[in-house]
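K.L.:
This is what each chain is made of:
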Amino acid sequence: MGKSLVITSGKGGVGKTTTTANIGTALALQGKRVVLMDLDIGLRNLDVVLGLSNRIIYDIVDVATGRAKIHQALIKDKRFDDKLYILPAAQNAEKDSLEPEQVKAIVEELRPEFDYLILDSPAGIEQGFRNAVEGADGAIVVTTPEISAVSDADRVVGLLEQRDMVYPPRLVINQIRQHMMADGRAMDIDEITQHLGIDLLGIILDDDGVIETSNKGETVVMDPDDPASQGYRNIARRLLGESVPLMNIEQKKVGFWHRLFHR
Amino acid sequence: MEAVTLKGRKSGFELQFRAASSIEEITAQLATLLARLSADTENTGEVEFVIETGDRLLDESQAQAIQQVFAQYPHFTIGAIHADVAAIAPLKARLAAQATHLVGGVLRSGQEANYSGDVLFLGTLHQGATLRTTGSIFVMGTVEGLLIAGADGAQDAIIAGDISKAGQIRIADTIEIIDKNTYGPETTSYINDLHVLTHGQTAGLSELRPKLFRKLEEF
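In the order they appear, the protein sequences are chains A and B.
Just so we're aligned, residue 1 is where the first sequence starts under my numbering, counting upward by one.
Just so we're aligned, residue 264 is where the second sequence starts under my numbering, counting upward by one.
Just chain A, same shape as in the assembly (with noise of 0.2 Å):
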């Protein structure tokens, strides 16, 4: 029986999206089953980032309104061999055209067939967000290092404390600058899962490479080499069981000869 996750953040531009499709094929990539659900109705983008989007015949909103049947709404990721599958979003249905019981029944329809379920939450906290934890065993909240970042989250981790969830959510800090957090220009890492509460799951600092390769339609998980690559790779295997220390995010201190010589 797959468990099911929700990424959520409560602001949005955090990197939601970007984060269940590395998570998702970081876990496909240790040979997990993974299926990941667009909840965003109306601004569905996952299947963008997977480059996925001309395969699109059925949506979730088809499915959940008997239209299709989930099988045939289902994109397989060939890149994956048979792990990876997405469930897109409609893009032209209401916002609110999908119910929480509706979610949770497509959920239970799959978790048979998958390792991780991975909902992918739209910004805030309305009919969304409700639609996206209805369905979720877990909660992955994602943040980054802003004020604005952080208290959402810490609004998001709230309602999803109320909710009493099989596993307690989990944060994940993204778009770490490791020169702002070095100079203290930053929130810390120690101080925003400190604020907020909840375990950290991993960190993925910022790169160019996230933005590059979603733009090809790819993930930067599948390039090994990349930092960001290997926070998202780090959280895949922390989710498995493993315990992978954090990344060390210091920069190298510069000595003082090179101060000296590289004025």
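Hints were generated in silico from the structure; no laboratory data involved.
One thing to keep in mind: the hints can contain errors.
[Claimed, not checked] Each computed DSBU-like pair below joins lysine-lysine, with the alpha-carbon atoms no more than 30 Å apart:
hint, chain 1, residue 1, chain 2, residue 2
1, B, Lys428, A, Lys69
2, A, Lys95, B, Lys428
3, B, Lys428, A, Lys78
4, A, Lys104, A, Lys76
5, B, Lys443, A, Lys78
Remember, it's a predicted structure, so these values are computed and weren't measured experimentally.
Starting from the known structure of chain A, fit chain B onto it as the hints suggest.
P.N.:
Showing chain B alone in chain A's frame:
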């Protein structure tokens, strides 16, 4: 000029109503005509009339008035009521279904444009947008979204033009996912005899769909 004329045709009797006469005039003359006929044809059994209204379209109350006159003579029946003219709304719909629509502008992600008939597409169809029609689609603009031709199941619909950047095309119940760099700038997509969505050159369209070609020439 008589408002109502009785004519004998091979197929039977025909009553012609003069379009310029008022409906009161017609009913009055019809009443006297039928009264005379009834007296002449007492033992001939049932007689059926076809009514020709010419350039007049009878509305419901007018048709009822005519029927009331007929109701007095049980052996006279109305076979059909014909007019040389038709109501505007259904004609408009029929014309629209036959017309080639010129479609321009930008269709953005999530937007959907629906037509009946053929579409000459001159605009831009973004990824995530849908252009759907019951007829064929001729692409002259940029297409990155979803094209649906023969939306009501018309197997003979085609999609012609540049679909190299399109996401997906559908004709009737067939679907093809278009991968990048598969097609050149000029393709004609159609359903072949084996009910498979396939592609050819636009130059061969006249042999492929001669009916469509004749229709295009008529415009």
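K.L.:
All hints are to be evaluated individually against the structure, with a verdict given for each.
P.N.:
Hints versus structure:
1. B:Lys428 / A:Lys69: Satisfied, since the Cα-Cα distance of roughly 29 Å is no more than 30 Å.
2. A:Lys95 / B:Lys428: Roughly 29 Å separates the two Cα atoms, so the pair holds.
3. B:Lys428 / A:Lys78: Distance of about 20 Å is within 30 Å: holds.
4. A:Lys104 / A:Lys76: Answer holds: Lys104 of chain A to Lys76 of chain A is near 21 Å, not above 30 Å.
5. B:Lys443 / A:Lys78: Within the cut-off at roughly 16 Å; holds.
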